[in-house]
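K.L.:
Spelled out, the chains give:
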Amino acid sequence: MLKIENLKVRYGGIQAIRGISLEVPLGKIVTLIGANGAGKSSTLRSIAGLVKSKSGTISWKEKNITTMLPEEILAQGVALCPEGRRIFPQLTVLENLKLGAYIRSDKNAVEESIERAFKLFPRLKERSWQKGGTLSGGEQQMLALARALMSDPELLMMDEPSLGLAPLLVEEVFRVIREINKEGKTVLLVEQNAFGALQIADYAYVLEVGEITLEGKGEDLLRDERVISAYLGG
Amino acid sequence: MNSDMFIQHFFNALMLGSLYGLIAIGYTMVYGILRLINFAHGDIFMLGSYFVFFGVTAFHMPWWAAALFSIVATAATGIMVDRVAYRPLREAPRISALISAIGVSFFIENMCLVLFTGVPKPMPRLEALVQVLQFGNIRILPLTLIVPVVSFLLVAGLLWMLYRTKPGLAMRAISKDIETTRLMGVKVNRIIALTFAIGSALAAAAGIMWALRYPQINPFMGVMPGFKAFIAAVFGGIGSVQGAMIGGLILGFMEIMIVAFFPALSGYRDAFAFILLILILFVKPTGLMGEKLEDKI
Ligand SMILES: Nc1ncnc2c1ncn2[C@@H]1O[C@H](COP(=O)(O)OP(=O)(O)OP(=O)(O)O)[C@@H](O)[C@H]1O
Ligand SMILES: [Mg+2]
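Sequence lines, in order, name chains E and H.
Quick note: the first sequence uses this note's numbering, first residue 1, plus one each step.
Quick note: the second sequence uses this note's numbering, first residue 1, plus one each step.
Check before you lean on any hint, since a few could be wrong.
[To be verified] Straight-line C-alpha distance at most 30 Å; calculated DSSO-like pairs for lysine-lysine: (1) Lys125/E x Lys187/H; (2) Lys182/E x Lys3/E; (3) Lys166/H x Lys185/E; (4) Lys28/E x Lys3/E; (5) Lys125/E x Lys166/H; (6) Lys187/H x Lys61/E; (7) Lys98/E x Lys187/H; (8) Lys28/E x Lys98/E; (9) Lys54/E x Lys166/H; (10) Lys131/E x Lys119/E; (11) Lys166/H x Lys119/E; (12) Lys176/H x Lys119/E; (13) Lys121/H x Lys98/E; (14) Lys187/H x Lys63/E; (15) Lys3/E x Lys185/E.
To be clear, the hints were calculated from the coordinates, so they are not data collected in a lab.
Turn these sequences into a full structure, and let the hints guide you.
P.N.:
Right, dumping it as structure tokens:
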């Protein structure tokens, strides 16, 4: 289980996260929703070790990972698929995937993971020799997800994977997330598409200007009036 | 000019150009990863010459061992420069690292001035390499032929490393997006250290061959070749290894051929490179093989 207790993040004068606590049980999909600037990305980036928190603890499977470096956290089985895809435009699709598997040394296992990625995202297979930068936005998002899976993480964190995608692709992304979860991976999903996220989530947190203001089962929040008026356009 | 003379000049240009290219690679790799012009790189090249000199004269090593010693010691120096002068400034504005680089350059030059004095040291001759070969009317040193071959092999090895190995993949990734590369589990500082090691090792190789060809070593011998190699790197498209080598060759050819065809201009020998730099910056700032970079210094 991922457990965050009283996490605070500050950038210069801005207090972006004001002491939040949350839990992601193994095997579950947990989502974090909130408006722009609420601190969703900051939360994920703290977990991944890119941002060092001012106070609070982050533990993964009873191990304190608060002060670990990003590469150490990844080695613990916690991966982040960052906001905005961030694929490497000058590397080929295959190279992007291989980089995702950088920490693994077993070549055969990596080959297997590549095969699995191609099965999950057949379009990537056709384009394996294409430069990442020449992929369409949707394909880039698929590549970003596939790459994040290449380290074979136990916990996959995703920062707005549906951003900027056409409705059909958004559905596809949520379908894939569910599939990943069925294969046994724990998922922490940050989304602005609250409707889609809440539908697949076991549990959800609502983040507002750095604080968690609401939490509950995905299906319950879908029916919550405050959520409906604030995030579901109701 | 007759054809024999031309052939002689051709090989001289090839040699000089390969040496510029080898040094230019160090500039281009570091710039590609850190967006930093490592002003101390010309001095690293100079240290390569001193290390091989002391290997042979002070430690009485055989040549091959002295060369190896120089390459290892220079690579270690490159790593140390990064560790001490650049790494603490990774999060600082880029201009800070640039100023630090200029500081390192002055420091190395003046340290060598104190330690080794400004009096040029005569590099011992390696007879086998500097016995003039005579082909008809063409007179060439074996060294002149060996330098381009060695350089070519080193560049081929480097390209293999960049495109066929994991650290090479990480290097290419870092040059585009350090943060995401960290998310992939790459120990970024190690890869950066490796980059400095490789760039410095290539500069040492150039320094060794330079010292064999122009056997007068002094603490400021790295300044001009350093500038010219930097220009070669810009000309070839900074960030591109192939571009650096091509830029170096073009610069070598320009320098040798202009002097050969217009002996009256030979006093301006060093000025051509700078004229070239100004022209490139006006006409095609990204260089021959360069990609568009958002921000340049
Ligand atoms: N590197 C940074 N330096 C300074 N302020 C930052 C930095 N990163 C984020 N912030 C600030 O922290 C707050 C939270 O940002 P964060 O990116 O976590 O929000 P978010 O919920 O992910 O928003 P979005 O939905 O727009 O992605 C914002 O006010 C933002 O301006
Ligand atoms: Mg965000």
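K.L.:
Now tell me, hint by hint, if it's right for this structure.
P.N.:
Here is what the structure says about each hint:
A hinted pair counts as satisfied when its Cα atoms are at most 30 Å apart, and lysine 125/E with lysine 187/H qualifies at roughly 28 Å. Between the alpha carbons of lysine 182/E and lysine 3/E the distance comes to roughly 21 Å, so the proposed pair stays at or under 30 Å and holds. A threshold of 30 Å between alpha carbons decides the hint, and for lysine 166/H with lysine 185/E the separation of about 27 Å falls inside it, so the pair holds. Proximity of lysine 28/E to lysine 3/E is assessed by CA-CA distance (about 13 Å); at most 30 Å being required, the pair is judged to hold.
The straight-line distance between the Cα atoms of lysine 125/E and lysine 166/H is roughly 21 Å, inside the 30 Å bound, and the hint therefore holds. Straight-line distance between C-alpha atoms of lysine 187/H and lysine 61/E comes to about 23 Å, which keeps the hinted pair within the 30 Å bound. Taking the CA atoms of lysine 98/E and lysine 187/H, the gap is near 16 Å; set against the 30 Å cutoff, the hint holds. Taken as a hint, the lysine 28/E and lysine 98/E pair is honoured in the structure, with Cα atoms around 27 Å apart against an allowance of 30 Å.
As the CA atoms of lysine 54/E and lysine 166/H are separated by approximately 34 Å, the hinted pair breaks the 30 Å bound. Of the supplied pair hints, the one linking lysine 131/E and lysine 119/E holds, its CA atoms being roughly 20 Å apart against a limit of 30 Å. Restraint check for lysine 166/H and lysine 119/E: the C-alpha separation of about 24 Å stays at or below 30 Å, so the hint holds. A hinted pair counts as satisfied when its Cα atoms are at most 30 Å apart, and lysine 176/H with lysine 119/E qualifies at roughly 28 Å.
Under the criterion of a C-alpha separation no larger than 30 Å, the hint pairing lysine 121/H with lysine 98/E is inconsistent with the structure, at around 49 Å. Taken as a hint, the lysine 187/H and lysine 63/E pair is honoured in the structure, with Cα atoms around 21 Å apart against an allowance of 30 Å. For the proposed pair lysine 3/E and lysine 185/E, the alpha carbon gap of about 16 Å is at most 30 Å, so the pair holds.
Checked against the numbered hints given earlier, the structure breaks hints 9 and 13 and satisfies all the rest.
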